[in-house]
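Asker: Below are the chains, spelled out letter by letter.
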Amino acid sequence: MAASGIELRGVAYAMAGKAILSDIDLHLTEARIGIVGRNGSGKTSLMRVMAGLVAPSVGTVLVAGQDPARNRKAMLTEVGILFQNPDHQILFPTVGEELAFGLTQMGQTDKEARAQARHLLAEVDRAHWEGAATHTLSQGQRQYLCLLSILAMQPATLLLDEPFAALDLPSQARLRRRLAGLAQQIITISHDPAAVVGADRVIWLDGGRVVQDGPPDHVLGVFTDEMARIGGLDADADLSG
Amino acid sequence: MLTLTSPVRIWAHSLSAWVKLGAICVFTLALMQLEGGWLAGAVALVLALAASGGRVFFAQWLKMLRPLWPFVALVALWQVWLGAPWATFPIIARLGAAVGLANAVTMTTELAEILALLTRLARPLARLGLKPQVLALCVALVIRFVPVMLLRYAQIALAFRARSPRRPGWRILMPVLLATLDDADRVAEALRARGGAG
Amino acid sequence: MERNLTHIALFAALIAVLGLIPKIDLISGVPITAQSLGIMLCGTVLGAKRGFLAVVLFVVLVAAGLPLLSGGRGGIGLFVGPSAGYLIGFPVAAFVAGFVVERWQVRVGVAALAGAVLGGIVVLYAFGIPGMALTLGKSLPEAALLATPFLAGDVIKAVLAALVTQAIAQARPGALLSRG
Ligand SMILES: Nc1ncnc2c1ncn2[C@@H]1O[C@H](COP(=O)(O)OP(=O)(O)OP(=O)(O)O)[C@@H](O)[C@H]1O
Ligand SMILES: [Mg+2]
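Residue numbers (the working numbering), protein chains in the order written: chain A, 1 to 241; chain B, 1001 to 1198; chain C, 2001 to 2180.
These are computed hints drawn from the structure, not numbers from a lab.
You may find that some hints are simply not true.
Unchecked claim - Below, simulated DSS-like cross-link-like pairs (lysine-lysine); rule was C-alpha separation at most 30 Å, straight line:
1. A:K73 - C:K2049
2. C:K2138 - B:K1131
3. A:K111 - B:K1131
4. A:K73 - B:K1131
5. C:K2049 - B:K1063
6. A:K73 - A:K111
Since the structure is predicted, the reported quantities are computational estimates derived from the model, not experimental observations.
Please model the complete structure; the sequences and the hints are all you need to start from.
Answerer: Structure follows, in structure tokens:
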């Protein structure tokens, strides 16, 4: 996994003059990494910077030794991103087209891509989805489709933004099993400590800074206590962030 | 999404889209010149073509002509007022025959076939930087986002009603438009995440 | 690149949505279809080139047979019928509206009003009226007379387009590509 590590050196990110991320120094090589933090703490922004969807205002980002914001084509096989909201990820009217798109982007012909998409759907007992209109799927089903589309591209690292938020309990368990079986590096972002319990390393983000970084037992312990403490307070004066 | 293609398959489906579009052009131009018996013949021809598709086809074909009624009424009133009511017939005959034939072509040509034809026609534009894949991607995005945005509109209207006794009216335009702009930014990002627009 | 493309595609979808939603009640029950408002907004918000392309995309899909025109209409029949001139004029209208907003560097709202009137009314009617004259067998003045009842509604839409464009300039300055 070392070759596919993600490295951030002195990274800061600002939007519309407002600092969103500051002083981020991370070298992510572990197979399973969790990133936790409250709403608005900058988790999604960190993911966008790591994946090269936006360039940092200050500092360097390296994915497998390359700048992800510049080398988009190379990143297709390096990072796959599951967006927090599936409606912002799905580009095509039907399931088959959505799955095939990533594959054609990687150089397959339309025909090959469609055939592989059919094959992938059949593998997960969803063959009947191929011609289905994406907007008729439920939120959880749409998210599952998004996951299938990025898995189809077999990236070295998966960045998952709140992957469990829209899923019912059986689907969560199934997704957990599916993810556990994958060889890829997986970085899971969540506000919920339960989502990252089994990770090798957990990073706690607050106000756009890393406040804790280490083994899950320790970090999640402190995180949970702090969340319980804040939850106990009446006024949520700090939410404005 | 709903399309305007015929619910039943008829013989004209197997004709090439190029032939059908060519027929519309020739026929429409010819109609401008036709008078009297010839014009009546052209109308009869279009009716016969539509009827050859069977009852279901013909019923939908008639339905698609409905938006023309206001114009028929308008022209008729106008001609009566001018004191030449008979002149209504050739005008409406030309209009009805042209629109009728074109509608029949729309009904018997699959969307994919027309899009393939358009991509073909747009090929010379590749030199100006418009790649055919880009056109196809744009078309897919529109078809994907029309239902998404309709749903969003309905949600915003509901949210408005939940908090206001007034009907949303034009006030709803602003949130709908802002949502569109934000969506465009996020979709651009999703596209970038999967290798961009080529 | 991606950003231009998605703005063009989503605004083409917006024009369709504005034509498909239940009619907007303007002032005390004067219903308007918002579709031509969508055309104006493509120009005033996206600018001349992107606005033009968004509307071309919309018109192409209508021609291809998607029922995206108000009232669920679509198909090639529209291009040989009385509204043919308007459909062909739509992209040009958006271009002119966008051109005015881009080049006339006064307050956004003022430029947008001028652009919407010039593009969405003057230019659009210049295409629409000959189209009606041709398909309905009328002279140009007669066809112009047929178009006048719609003028009041279109003026209101131009004002709305200007207000909305101005509001976007305040709410999301970065999103107003016509002034980007
Ligand atoms: N487009 C934007 N313009 C300005 N500020 C933004 C924008 N998007 C997000 N922010 C700000 O950036 C900060 C971090 O946002 P981000 O989406 O990364 O949080 P998050 O940790 O993913 O939150 P959540 O758990 O709610 O998803 C927030 O304070 C938010 O207000
Ligand atoms: Mg987030």
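Asker: Output the indices of the hints that this structure fails to meet, ascending.
Answerer: Violated hints (numbers, rising): 2 and 5; every other hint is consistent with the structure.
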